[in-house]
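J.: In the order they appear, the protein sequences are chains A and B. Heads up: the first sequence is residues 1 to 595, going by my numbering. Heads up: the second sequence is residues 596 to 677, going by my numbering.
Calculated from the structure, these hints are not laboratory results. Here a beta-carbon is modelled for each residue, glycine too, at the ideal position from N, C-alpha and C. Hints may contain errors.
So the derived label-pair ranges between C-beta atoms look like this [unchecked claim]:
id, chain 1, residue 1, chain 2, residue 2, range
1, A, 129, B, 668, 46 to 52 Å
2, A, 117, B, 668, 35 to 41 Å
3, A, 62, B, 642, 48 to 54 Å
4, B, 651, A, 305, 36 to 42 Å
5, B, 597, A, 443, 26 to 32 Å
6, B, 677, A, 581, 53 to 59 Å
7, A, 552, B, 676, 51 to 57 Å
Partial pick of chain B residues on the chain A-facing surface, computed with a CB cut under 8 Å [stated by the list, open to error]:
id, residue
8, 605
9, 608
10, 609
11, 612
12, 614
13, 615
14, 617
15, 619
16, 657
17, 658
18, 659
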Amino acid sequence: MNVTKRTFDAVIVGAGGAGLRAALQLSESGLKTAVITKVFPTRSHTVAAQGGVAASLGNSEEDHWHWHMYDTVKGSDWLGDQDAIEFMCRKANEVVIELEHYGMPFDRTDAGKIYQRPFGGHMSNFGEKPVRRSCAAADRTGHAMLHALYQRNVRANTQFFVEWMALDLIRDAEGEVLGVIALEMETGDIVAFQSKATIFATGGAGRIYHSSTNAFINTGDGLGMAARAGIPLEDMEFWQFHPTGVAGAGVLITEGVRGEGGILRNSAGERFMERYAPNAKDLASRDVVSRAMTTEINEGRGCGPNKDFVLLDITHLDPKVIMQRLPGIREISIQFAGTDPIKEPIPVVPTCHYQMGGIPTNYSGQVVAPRGSSMSVAVPGFYAAGECACASVHGANRLGTNSLLDLLVFGKSAGETAVEDVKKSTRAHKDLPQEAIERTLARLNRLDTQKDGADAHESRLAMQRTMQNHCGVFRFADKLKEGVSKILEVQQDVQRIAIKDKSKVFNTARIEALELENLIEVAVSTMISAEARKESRGAHVRDDAPDTPERPNGRDDTNWLKHTLWFKEGNRLDYKSVKLTPLTVPTIELKKRAY
Amino acid sequence: MDADRGARLRRLRWHCRRALLELDLMFQRFWARVGDDLDADGEAGLERLVAMEDHDLWDLVSGRRETDDPQLRSIVERLRQA
Ligand SMILES: Cc1cc2nc3c(=O)[nH]c(=O)nc-3n(C[C@H](O)[C@H](O)[C@H](O)COP(=O)(O)OP(=O)(O)OC[C@H]3O[C@@H](n4cnc5c(N)ncnc54)[C@H](O)[C@@H]3O)c2cc1C
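Assemble the whole structure, with the sequences as input and the hints as a guide.
T.: In structure tokens, the structure reads:
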């Protein structure tokens, strides 16, 4: 079958913060640039980000990129690449001020400078004391960022393909990426986008878990497409969990609730955090609180008929405080937990929040994969940025507000590198390999013609439950092993999903089935990578790798100071070393991660 | 149901894919309850609702903000009840 072909200098998949920042670089340099997105750009998940974006501007008090770098390396539990981290922290001021010039309405100090707020993990003078480093636009930082970037792109003539879903990467026999194949939702048409540069900025895949703070759109499509095209996924065992998602719904209850005096209680009504963190108690760091909650649940002290959540209690607070300082929390609790928090505590569970791993890139935004004897060779024509990519700056654990920064810095640098590469190449577009297109068409055809297939809804639920129960906040060797065989079974079901609705126009059943085919790749890579990593590091915490004097926090630098690479073919794992040498400053030496 | 209306409703369903999980969940329940029974006025109201920015929409749905517009009020009410 022949599909229509459209030709561009560059094609970007994704119109969140990372995609829009990359697109701007390309369009403003005069290249013919297309952005493909499943939803209208300003409805991308970046809109949900409220906390802010990190930059050591030093507007409120003295700050330095080197301190920010130290915090990021430490936060990453030394799994982050120090060259990329230096690059990001040094570039932060530039990209934030650029955004200000694009019209981003940052909060301001009386003197008219960008106002900066404190945020967990931001410290001055190499971990000494908290510093105000987060720049925000009221509680709509992500939203304001997307609007500023979108307007600027419209001005630069970026061509948007809204409500189009990219299905697969087009990669030829030499391994060069030549574009993507995509589905137009409005018509059901399949179109090949031919390009000299293809940039993935498809966001995260938090929907692999049953309890997730991520919107439904976060289905890891970029990761699925990369994996099917033979590109490995890096460090997929590392997922950040937020301690307080509403049980059963996932909606995030901000840390501010505990800041105002909210208390976590188990089924006996006990304030259990006093046992785990006698000083900080309910305000201990995210991972400590999440693990304590999981231990309570695992040891039978959870609440509810299935004993599978704990309670966040604010009934002792003055209702006026709740209404004034915690607006929205009451409504969230009533809507999604069915309880009024003024009268009854809110059921909460640790909830998947952010994906640290992804498509491997270097700090120039080029996708890199092993080739010959080298572990990191650029894949020609292919770039990635944002939550779908792994640069790797977040390593085993991300610092709050570093993600929005990652979008800006690596969106821009992926764009810059792509501009250089496209301008350098004198060759015409290569022919598109028909086999690559046929493979996608066969996948679509299978979905449309499958008889007696599996149900997408049930398979998705099975995947999410398996991930939650076997690969959650706290991990156990036997559960992980069992999880691997279970998730591979679910994968088999996903391969034979059937849809009843065969219509062409906005066939949401087909779209959701295609999304599930991507999610399952992410789930399998996560489970297999997690089962294999026999240490605790950052967000990956194993019961059989506890805190000992030889291995602080269970971290095993002798054997595991390395990045995981998972390959779809044969579910093979490989490892590559962590870049411990920064660009200009000395290495930040390994230390126990303690706050 | 005629093919055009079917397509219109599926399109509306897709426009209920939002940036905020809160809204995704509200719309999910709404469709499970109301589904294809949505009447013409409801459809028109929903069309207008999904054209809003996510945070404004959530303010409306969560009761932080009110609207005087009867069509929007009625669809917001149905969303909250679902
Ligand atoms: C509730 C919440 C609060 C957060 N708060 C903060 C914060 O305060 N500070 C911070 O730094 N980080 C925060 N984060 C994390 C941060 O928001 C995200 O990591 C970041 O916004 C991801 O941006 P992105 O550009 O990579 O992807 P997204 O914004 O998710 O955009 C992905 C884009 O890809 C498109 N897309 C995906 N698949 C396809 C496909 N197959 N075809 C076509 N298009 C596709 C989508 O349409 C979308 O346009 C928060 C996250 C959550 C969930």
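J.: It remains to establish, for every hint, whether it holds in the given structure.
T.: Going down the list of hints, with the structure as the test:
A hinted range of 46 to 52 Å for the beta carbons of residue 129 (chain A) and residue 668 (chain B) is consistent with their spacing of about 50 Å. A C-beta distance of roughly 36 Å is found between residue 117 (chain A) and residue 668 (chain B), which places it inside the suggested range of 35 to 41 Å. Remark: the range hint 48 to 54 Å for residue 62 (chain A) to residue 642 (chain B) is upheld by a beta-carbon distance near 52 Å. Between residue 651 (chain B) and residue 305 (chain A) the beta carbon distance is about 38 Å. The supplied range of 36 to 42 Å therefore holds.
One distance hint, 26 to 32 Å for the beta-carbon pair residue 597 (chain B) and residue 443 (chain A), holds here, with the actual separation near 31 Å. The hint said 53 to 59 Å for the Cβ distance between residue 677 (chain B) and residue 581 (chain A), and at roughly 56 Å that hint holds. Separation of residue 552 (chain A) from residue 676 (chain B) is about 53 Å and conforms to the stated range, judged on CB atoms against 51 to 57 Å. The criterion of a C-beta within 8 Å of any C-beta in chain A is met by residue 605 (chain B), whose closest approach is roughly 4 Å, and the hint holds.
Hint on residue 608 (chain B) holds. Least Cβ distance to chain A is approximately 5 Å, under the 8 Å limit. Look at residue 609 (chain B): its Cβ gets to within about 5 Å of chain A, closer than 8 Å, so that hint holds up. The interface hint given for residue 612 (chain B) holds, since its Cβ lies 6 Å from the closest Cβ of chain A, which is under the 8 Å cut-off. The closest approach between the C-beta of residue 614 (chain B) and any C-beta of chain A is roughly 4 Å, which is under the 8 Å cut-off, so the hint is satisfied.
About 6 Å separates the beta-carbon of residue 615 (chain B) from the nearest beta-carbon of chain A, less than 8 Å, and the hint is met. At its closest, the beta carbon of residue 617 (chain B) sits 6 Å from a beta carbon of chain A; the interface hint therefore holds under the 8 Å criterion. Of the supplied interface hints, the one on residue 619 (chain B) holds, with its beta-carbon coming within about 5 Å of a beta-carbon of chain A, less than 8 Å. Nearest Cβ of chain A to the Cβ of residue 657 (chain B): about 4 Å, under the 8 Å cut. The hint holds.
Checking residue 658 (chain B) against chain A: minimum C-beta separation of about 6 Å stays under 8 Å; hint holds. The beta carbon of residue 659 (chain B) comes within 7 Å of a beta carbon in chain A, closer than 8 Å, and the hint placing it at the interface holds.
When held up to the earlier numbered hints, the structure conflicts with none and fits them all.
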